[in-house]
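Mind the numbering: the sequence shown is residues 9 to 91 in the working numbering, read in order.
Some hints could be false.
DEER-style ranges, computed between Cβ atoms [what the hints assert, rightly or not]:
#	residue 1	residue 2	range
1	Asn-51	Gln-27	35 to 45 Å
2	Thr-90	Thr-39	13 to 23 Å
3	Asn-51	Glu-29	32 to 42 Å
Quick caveat, the hints were computed from the structure, so don't treat them as lab data.
From the three backbone atoms N, C-alpha and C, an ideal C-beta is built for every residue, glycine too.
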Amino acid sequence: MTIQIYIERIILDGFELAQRERPLLETAVTTELTRLLAENGLNYHANIALPSRMGTDIQQNTDNTAAQFGSDIARSIYGGLTQ
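Let the hints inform the model, and build the full structure from the sequences given.
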């Protein structure tokens, strides 16, 4: 099965991210979301459109790297897809 997800943008309100860290965050979101979908799939097999705001709020941990934060974002997105 092929799953295609298009994410137009991710808005990080109140989170400081240096320009050089953005590719790390993007790669982490893509990698973790791909892993979750490959391991767990989705509960349905139809073309769907989801609301522009889904998932949950994520608390920024000052020790988190852009890559760790990207993984948190991906898990939040996946949680929104499987609700």
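For each hint, the structure was consulted:
1. As the Cβ distance of Asn-51 to Gln-27 is approximately 37 Å, the hint placing it in 35 to 45 Å holds.
2. The supplied range of 13 to 23 Å is met by Thr-90 and Thr-39, whose beta-carbon atoms lie about 18 Å from each other.
3. In this structure the hint that Asn-51 and Glu-29 lie 32 to 42 Å apart at CB holds, the actual value being about 33 Å.
No hint from the list above goes unmet by this structure.
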